[in-house]
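Protein sequence lines correspond, in order, to chains A, B, C, D and E. Using the numbering used here, the final residue of the first sequence is 333, and nothing's skipped along the way. Using the numbering used here, the final residue of the second sequence is 1333, and nothing's skipped along the way. Using the numbering used here, the final residue of the third sequence is 2333, and nothing's skipped along the way. Using the numbering used here, the final residue of the fourth sequence is 3333, and nothing's skipped along the way. Using the numbering used here, the final residue of the fifth sequence is 4333, and nothing's skipped along the way.
I should point out that these hints are in silico values taken from the structure, not numbers from a laboratory. Ideal placement from N, C-alpha and C gives every residue a C-beta, glycine not left out. Please note: incorrect hints may appear among the correct ones.
Claimed, not checked - Every beta carbon over 12 Å from chain A, so not counted as near; a handful from chain B, in silico:
id, residue
1, Y1002
2, R1018
3, F1022
4, Y1036
5, V1042
6, Q1153
7, I1172
8, G1285
9, N1307
Said to hold, decoys possible - Under the rule of at most 27 Å between Cα atoms (straight-line distance), these lysine-lysine pairs were calculated in the DSSO-like manner:
id, chain 1, residue 1, chain 2, residue 2
10, C, K2225, D, K3326
11, E, K4313, D, K3225
12, C, K2326, C, K2138
13, B, K1127, B, K1147
14, B, K1126, C, K2225
15, B, K1138, A, K175
16, B, K1076, D, K3076
17, D, K3126, C, K2126
18, E, K4126, A, K313
19, D, K3262, D, K3126
20, C, K2326, B, K1138
21, D, K3319, C, K2175
22, C, K2225, B, K1127
23, A, K225, B, K1126
Claimed, not checked - Covered stretches of chain A, going by a simulated chain B footprint (3 or more residues, C-beta under 8 Å):
id, region
24, 42-50
25, 111-119
26, 189-198
27, 205-219
28, 283-292
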Amino acid sequence: MYINRFLSPVIVYFYSWRMVLFSLFTGSTAILLYDYLGWQWVAIPWLPVSLIGTATAFFVGFKNNQSYDRSWEARKVWGAIVNNSRSFATAVRSFTTCSPDVEIESAAAENRIIIYRHLAWLYALKKAMAQRTSWEHKDRASERQRKALQRAQAPCEVEIAKYLPAAEHELIQGKNNQATQILDLQSQHIRNLRRAGALDAYQHVALQNLIAALYDEQGKSERIKNTPFPRQYATTSTLFIFVFMTLLPFGLLPQFVDLGEKFMFLLIPFNMIVSWVFMFMEYVGDISENPFEGLLNDIPISTIIRNIEIDLKEMLDEKDLPEKLKNYAGTVY
Amino acid sequence: MYINRFLSPVIVYFYSWRMVLFSLFTGSTAILLYDYLGWQWVAIPWLPVSLIGTATAFFVGFKNNQSYDRSWEARKVWGAIVNNSRSFATAVRSFTTCSPDVEIESAAAENRIIIYRHLAWLYALKKAMAQRTSWEHKDRASERQRKALQRAQAPCEVEIAKYLPAAEHELIQGKNNQATQILDLQSQHIRNLRRAGALDAYQHVALQNLIAALYDEQGKSERIKNTPFPRQYATTSTLFIFVFMTLLPFGLLPQFVDLGEKFMFLLIPFNMIVSWVFMFMEYVGDISENPFEGLLNDIPISTIIRNIEIDLKEMLDEKDLPEKLKNYAGTVY
Amino acid sequence: MYINRFLSPVIVYFYSWRMVLFSLFTGSTAILLYDYLGWQWVAIPWLPVSLIGTATAFFVGFKNNQSYDRSWEARKVWGAIVNNSRSFATAVRSFTTCSPDVEIESAAAENRIIIYRHLAWLYALKKAMAQRTSWEHKDRASERQRKALQRAQAPCEVEIAKYLPAAEHELIQGKNNQATQILDLQSQHIRNLRRAGALDAYQHVALQNLIAALYDEQGKSERIKNTPFPRQYATTSTLFIFVFMTLLPFGLLPQFVDLGEKFMFLLIPFNMIVSWVFMFMEYVGDISENPFEGLLNDIPISTIIRNIEIDLKEMLDEKDLPEKLKNYAGTVY
Amino acid sequence: MYINRFLSPVIVYFYSWRMVLFSLFTGSTAILLYDYLGWQWVAIPWLPVSLIGTATAFFVGFKNNQSYDRSWEARKVWGAIVNNSRSFATAVRSFTTCSPDVEIESAAAENRIIIYRHLAWLYALKKAMAQRTSWEHKDRASERQRKALQRAQAPCEVEIAKYLPAAEHELIQGKNNQATQILDLQSQHIRNLRRAGALDAYQHVALQNLIAALYDEQGKSERIKNTPFPRQYATTSTLFIFVFMTLLPFGLLPQFVDLGEKFMFLLIPFNMIVSWVFMFMEYVGDISENPFEGLLNDIPISTIIRNIEIDLKEMLDEKDLPEKLKNYAGTVY
Amino acid sequence: MYINRFLSPVIVYFYSWRMVLFSLFTGSTAILLYDYLGWQWVAIPWLPVSLIGTATAFFVGFKNNQSYDRSWEARKVWGAIVNNSRSFATAVRSFTTCSPDVEIESAAAENRIIIYRHLAWLYALKKAMAQRTSWEHKDRASERQRKALQRAQAPCEVEIAKYLPAAEHELIQGKNNQATQILDLQSQHIRNLRRAGALDAYQHVALQNLIAALYDEQGKSERIKNTPFPRQYATTSTLFIFVFMTLLPFGLLPQFVDLGEKFMFLLIPFNMIVSWVFMFMEYVGDISENPFEGLLNDIPISTIIRNIEIDLKEMLDEKDLPEKLKNYAGTVY
């Protein structure tokens, strides 16, 4: 997630240069064909171009809207994970220590295991979100950016190992969905507390409900990760914009021809500006489509998880807190 | 659900060829009437065509938006089915084994029956989603695609028989809504556990609430399956686009006539491009309308169910896991 | 709810003929005034007509969107009624038979009364939805359609009497809101079961919560029924479209005059097509506005209720199931 | 809430006359300056006017949409108040009489106090909704309408006094938020029932949850009442429309000048129609913005409360029911 | 939150003057280049400018919509905080006094501590909302406004100290997230009440659920505060509008040149009006984007908290109520 008030010009440049080259090429071609080769019929009427523009605008606008919605939904899911994490940690500590027979200190050790396992669950979920899918950006610039952001973080595997008892860590190896199985371990641990009488029947169900809430948010996050923005919409948007951009300079020709041969070449810069505007518009949707692809516009789950880590450890009164994550070139990741 | 970044050209071709032929025909007709027969009045003013275009654009845009919303709602429902399945399985195992008097191993056999019945419920629901309705696509290409995707899967009936005790399997035969009756069997099983004292009053209600949650998601899935995108909107969209496409080449004529007789024929390719763009736009909505019609753009419920199967069997520590479903030509089904 | 893929031409004709006549009249008037009377000033500039068109388009589009939303919300409410009905029936049967002291057969008779009363509640709600309000369609064709659909159904009063004990049926006569009072009877019945010790404290509250959920859905259904699409928006949409349609042929005149006197009359068919498109667009919103007015585009509550009836009776293992409702000329009601 | 199918012409007239006068004035001014004073440059190009029109259309459309949403949200809140009122009344009666030791008749007297206090809460909330805020309509016509609607109702103060025990009625005088304190009284009454053993622990919490639900709906209603449609959006919409309307006749001039001096004056009626359409569009949003300002387009909370009164008193088997509220000139209030 | 019906002209002036100067400059430049330097080619065709205008309109409209949604979501969150605060206070008082063994007066002292701690939580959350982020407005006028609004309020630190026991106040110093830790203190206090037997198991869980609800709303408020409107959308909107505004006077030139040299200068005022309209439109979105930045268009959390303070103290029957906050120049803060 980029957090400076305005995108840095460098980022705008990286997003734009390819499109600018493309539009300089189409613009020059139009002038060349018309003026040097004298193919005057390439100055096509504006009307069909304008109609294609309308359809394109609809699809691009739709894509931008839905990309934003996907992002904001993903952000809400991870916001709910924050809230449920706090509620879960607080409830575990409250419930296991509410019987007058329990020594609060000895229960604290037990709670620590549960809360650490919760942190392991967070990192297991992060790991699942970091898998690459077939519809994510794979161009060179994206890969470079992805690597730069990853370099600033410890691997999920290390964090999971840190927070999970060794036996359990081994157990979940090779499981299909580790986060699911870690929550199941929580459920079994709580069941054991109930067997031992450390929780009453009512608290047992209440904690089980909190685990169900965590399953809900995990599932929602997986749903957004694993369901692409429907490809029929996305492809159509890209297709239409290329058709539009290719026809644009030819549709603009009659207008610029009117300026006289001397200034006809003004078509090239203006075609470039217009093309850039439309392509950039489409590109903004494109780069906002996948909120977990490890790039600039992601939901910053590493930072969110780190903040949960700090909050929960502060609840446990631990002193050795992990550091808050720093921005990387204006980007929270 | 198609999962490659861009739709393959083959798919675009299959969606498009009929429209392209139609627009070549209308374009040629316009030229023919104007130029060869000399009916100059067929070069109608653009204004009425443009007005119809506006109305068409509204309806097509609306259809695209709502089709997407229907799809995404269906995806959410099946996401919730995943979450509730995990919560239900975890809770059943936790609740039936939390009394210190219970041997965890012996309870496990009982739990296995319940969890298997849950898998049968999933396949019964899938079976209901696979019924054909009167508003789904029935053209030859769709039927071919549907069969290709079905061939990769075992019939629901087989899976249901596998996961349901024989007596129960017979019982639900001939029931109007099998999924509903399977959940009722779950409810009775849990009631029996309560009668036998294996659950306390509180856990009984908690599990009954989870069954209610499953009824909710089943009902939502059935609602989307059995309620078409309102036909008055869908028909109007199709009707308007055909009126628009038929008038389009005549409205474009005056523009292309201006290019001189030599280049007038350019109307034909440009009419084709514009027609294709508008029809394709409408078609994208059309093929996204029904999320459970067994085609390319469906919610991939077979894959979702298989993943639940694997997760739940891993919870039961079973070794003999079913395989993950493979894509079929870029399509998750 | 119409369920064929495309509206039948008959329906389109019935929706359209009045508008077509109106537009033929306005188009002919324009030609007459201009050509025969020679009032050339009736060929008004297009600009003001276009501006009114923009405002009209906004209102018509808004009406179409909101009508769809009202319909879909109503469909969701009745979907939730299905889900809650199943959950309620299952829970009642589960809770009343979970004590080891209870004979399941004798409890079943009691449950049957409760579940039948639930069916009576459904028909009481249907009856409330069938009242006519001051903003619903009252034209002759609508009345005819309404009667045809009603003829296929038994009167609600008969169904209520069938499912309610005679004493209770009398009690609710003359009550202001029968559905509300039937749910209150459910609540009292359940309270009596609790008094008799057939339910524990916890189950009592759980069933009371399900009754609250049914009150919620009942109230939502009543809200949509009794709150019109705000008349200030609806009237404005109709008003604007008539202003637009009246001015349209005059605004089109200058365009068609250019075709020469011989082909000027083409204004009449083109004015008709454009008028029809815009009026049909507005009409689609108009007929989708009230989801419970007993017409073609209603939410099919009779069918929904019948399906609940079948499901619940199958749960009770009854053999004498009512038949599924058949479509009436492509319409599910 | 207006409930006739179409707004009466009187209402349209009252909403419109001021705008019509304004547009007649601007139109005449344009003609005067151009034709009599000969300031031909006042016939400004259409382009800048059209651009302002686009921006205006966006803001007006946005305002209309959001006003509708505010209204519909308010309607949902009061729908939920209906549902929660029924659930609360039913639950109170069920819970307080479910112990076999309780005589149902004696408990009924206690319940009556609680349910009457609930009715007092409704009127206290209505009273809060009837306060005037700084952004509501205060023009003479609105004030007249407001008074006419109020005259048909008994003052809230009278109703509160009727339903609240005298001591409590005195207690809440001078409290900052009477509805909040009445719900707190409910909570204390229920607590006292629990102290007296008339409710078990579980029912106590369940009723407390219902009170929390009522607090939720009260708070939502207060939120909509006390938060205006953001003034930066509302002011901008009004500002833009006045700029647009002022420039409109000058932008139309070139078109009407072309008709020749004889018919140039047609600008005046056409400017009037277009102006009226745009201003009326903006006005429809304006009058739908505040759902609790005591006018024609309000959510009809008096009628809603009266219906709750009747339902709840029928539950108590009271015979002396208040009458249903009658419409006032097509308006439910 | 501004609450007068219309924004004061002073505010409109402050928002506008910079843009007006910019547009006067661009307009004059266009005239200068064309007329004095005679660079006639600067009168560029309108078409490319219009296309950029379309893209700009989409982005500006999107920004306005989403800004409004962010604001309204934030308002809902704080509305829910009001509701949960009332429910929490009422429930605490009800639950701790419902056992017949408890003296209501002595329990009241305990409750007062909990309710005061809740007020401290509110101020801790307000303090977190008052942090500045890198994407908020930092220009001089904003800073001045921010300071003026802050001057009217006591610092959060003072209020927290007032409502929290000294030991706890010290404890939370230096904690990463004070509001989180205060809710954890609530949870521990309630646990202690349970240990002491002042609450039963069921009430304990119910209060813990209310704490979870407060965590939810806190987290939602933090989410909106800490997640900017995606910068790729915001930057693009600003970028496009500057491109559009810069090209606008050149695109308008051909139109005004037609008026003749004498009146060509009319371009300058009309360019100014159009530019102002578009920039103001974009600015309205810009200033509505961050609902907690301490400015004019904020959600008025100080006032909301003060109202909760008064309500809760009135519940405790305290006489020494804090005063309601007064508006500051039409602004509720």
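Outcome of the hint check:
1. Y1002: Y1002(B) is in fact no farther than 12 Å from some Cβ atom of chain A, at 5 Å.
2. R1018: Its Cβ never comes within 12 Å of chain A, the nearest being 17 Å, so this holds.
3. F1022: Non-interface label on F1022(B) holds, nearest chain A Cβ at 17 Å vs cutoff 12 Å.
4. Y1036: Non-interface label stands for Y1036(B): nearest chain A Cβ at 20 Å, farther than 12 Å.
5. V1042: The assertion about V1042(B) holds, with a minimum of 17 Å to chain A.
6. Q1153: Check passes; 19 Å lies beyond 12 Å.
7. I1172: Fine: 27 Å to the nearest Cβ keeps I1172(B) off the interface.
8. G1285: violated, 9 Å
9. N1307: violated, 8 Å
10. K2225(C) - K3326(D): holds, 18 Å
11. K4313(E) - K3225(D): holds, 23 Å
12. K2326(C) - K2138(C): At roughly 26 Å apart (the allowed maximum being 27 Å), K2138(C) and K2326(C) satisfy the hint.
13. K1127(B) - K1147(B): holds, 15 Å
14. K1126(B) - K2225(C): Given that 27 Å is the threshold and the Cα spacing comes to 34 Å, the pair is violated.
15. K1138(B) - K175(A): It is violated: about 41 Å lies between the C-alpha atoms, which goes past 27 Å.
16. K1076(B) - K3076(D): holds, 24 Å
17. K3126(D) - K2126(C): Distance ~30 Å between K3126(D) and K2126(C) Cα, so the pair is violated.
18. K4126(E) - K313(A): Holds, at roughly 23 Å.
19. K3262(D) - K3126(D): violated, 59 Å
20. K2326(C) - K1138(B): Holds, at roughly 22 Å.
21. K3319(D) - K2175(C): holds, 11 Å
22. K2225(C) - K1127(B): Since the Cα atoms of K2225(C) and K1127(B) sit roughly 34 Å apart, the hinted pair is violated (cutoff 27 Å).
23. K225(A) - K1126(B): holds, 23 Å
24. 42-50: Check passed, 4 qualifying residues.
25. 111-119: violated (count 0)
26. 189-198: Since 6 is at least three, the answer is holds.
27. 205-219: holds (count 9)
28. 283-292: violated (count 0)
Figure legend: structure checked against the earlier numbered hints; hints not met, in rising order: 1, 8, 9, 14, 15, 17, 19, 22, 25 and 28.
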